[in-house]
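Residue numbers (the working numbering), protein chains in the order written: chain A, 1238 to 1405; chain B, 44 to 136.
Incorrect hints may appear among the rest.
To be verified - Here are the simulated DSBU-like cross-link-like pairs (lysine-lysine), alpha carbons at most 35 Å apart as the crow flies:
id, chain 1, residue 1, chain 2, residue 2
1, B, K114, A, K1302
2, B, K66, A, K1326
3, B, K85, A, K1284
4, B, K66, A, K1284
5, A, K1284, A, K1302
6, B, K60, A, K1302
7, B, K85, A, K1326
8, B, K114, A, K1284
Unchecked claim - One side of the interface only, derived from the structure: several residues of chain A facing chain B at Cβ under 7 Å:
id, residue
9, A1313
10, H1340
11, H1362
Please keep in mind that the hints were generated in silico from the structure rather than gathered at the bench.
For glycine and all other residues, C-beta sits at the position ideal for the given N, C-alpha and C.
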Amino acid sequence: MFIIPSDIWEDMIDHARGHAPRECCGMLAGTDNRVTRQYRITNILAKLNEAELARFDQPKLSDLKQLAPEERADIAFQMDARELSQAQKDIRQRGIELQAFYHSHTMSPARPSATDITLAMEFEHCRAALNLPQPLHVIVSLEDRDHPVMRAYRIEASRATEVPVRRQ
Amino acid sequence: MITIRIPTPLRSMTGGKSEIEGKGASIGELIEQMNADHPGLKDRLCDEQGEIRRFINVYLNEEDIRFLTGKDTPVKDGDEVSIVPAIAGGAHD
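Pulled out of the complex, with its shape left as it was, chain B reads as follows (with noise of 0.2 Å):
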């Protein structure tokens, strides 16, 4: 089992779960299972063309998975994925 790490905006989807348990060969079927068990979970994570959101780094166990070989990158059981949106902010109203 894969460990995956969901940031606050996203539990919503995950029934509140900052921890769930994912299956698959590499990041992309991970991805895939994923939006399986939590629908919707793929479209908040992926744009149109199916990449991950530019404001979205996904982790392999601490590398972001783009300087690896992206949702082709292999994951294995015990690995951990940590879903972490890029940091933001904005001015006084």
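So here's chain A without its partners, still in its complex pose (with noise of 0.2 Å):
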């Protein structure tokens, strides 16, 4: 079970809608698989180049090289590498750990995309390099506007597992 807080929860939901169309990203650090901090973080998807873009799968690739850059981030996000490494400082300061990242999906169901969970893989061969605990992957989905749906995911070895989340 993955406990976040009412507050947290409201402001992930907040953020997700403050953001939409666009999709919004953060982390959540607390212990135990209870959430005691939410960072928000930059999506910076807009503002990459052509050759930066080449970091996503092929096929998000096509769909991104159609858009605009401004639209872009309607259909994936990427973090802002400084604010990542600010908020982990900062939940290291703390004597906390990450627990999660999030991010919203505006136009589709909370569970990871095929990009999700091959982007969320890359990130699983460094992570055992830098000491940080395994991270669930949380979605927010704005599918349905006035009913947001969030649910929570551990990735390993290519496949998604939802876990329970409660709002506490």
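Got two chains here, separate frames each, mind docking them using the hints?
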């Protein structure tokens, strides 16, 4: 069970709504699957140039290239690396641990896409070297704008397994 | 020697290796030397101004070099440098 306090839960939904139709992204930290701190991270996707977009898998890359730069964040996110490190540093200083990354899907369900899984695995291959715990991946779906859905997943061996999430 | 951990997307440039060894007095020198051994690697890591690209983190022994002295950060034998693209993803088609 992954536990997210009500105020953070609401803020994640506000974050997603505030950026729609663009995807938002962030990090959740705490201890033992219980979130105590949220970090909003900037989605810098629109700032990536053509060469930098090559970090995405081929199907997503083709889709991204068909869109104007400012529209690309409607279907993808890229966390700002500096902000991510700043959050990691704050997490370390507070003596808590990274629990999850989160992002929104503004027009699709709250489950990881093929791209989410591919890029989560890419991070997974680097994670051990940084002595970080395995994060969950939380997705906020605004597919039904009036009824946002939040789900959490563990992504390993290129498979996503849902982990029950509770608002508390 | 300094160990450099290479993320999956860049391994095509290092002959599939997940770790390479490098020499240099600073991160900047290390990148130049890596680029001499694996041409094109610098372009993947650094932008046109020579700064680390905004979606990439370079860690020296778990600390982001942006919070040290960037590419001037000194390195020494036995150090471990990790190149880690920040997490990304995208919705369903």
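Going down the list of hints, with the structure as the test:
| no. | hint | result |
| --- | --- | --- |
| 1 | B:K114 with A:K1302 | 31 Å, holds |
| 2 | B:K66 with A:K1326 | 27 Å, holds |
| 3 | B:K85 with A:K1284 | 20 Å, holds |
| 4 | B:K66 with A:K1284 | 33 Å, holds |
| 5 | A:K1284 with A:K1302 | 13 Å, holds |
| 6 | B:K60 with A:K1302 | 30 Å, holds |
| 7 | B:K85 with A:K1326 | 26 Å, holds |
| 8 | B:K114 with A:K1284 | 22 Å, holds |
| 9 | A1313 | 3 Å, holds |
| 10 | H1340 | 6 Å, holds |
| 11 | H1362 | 5 Å, holds |
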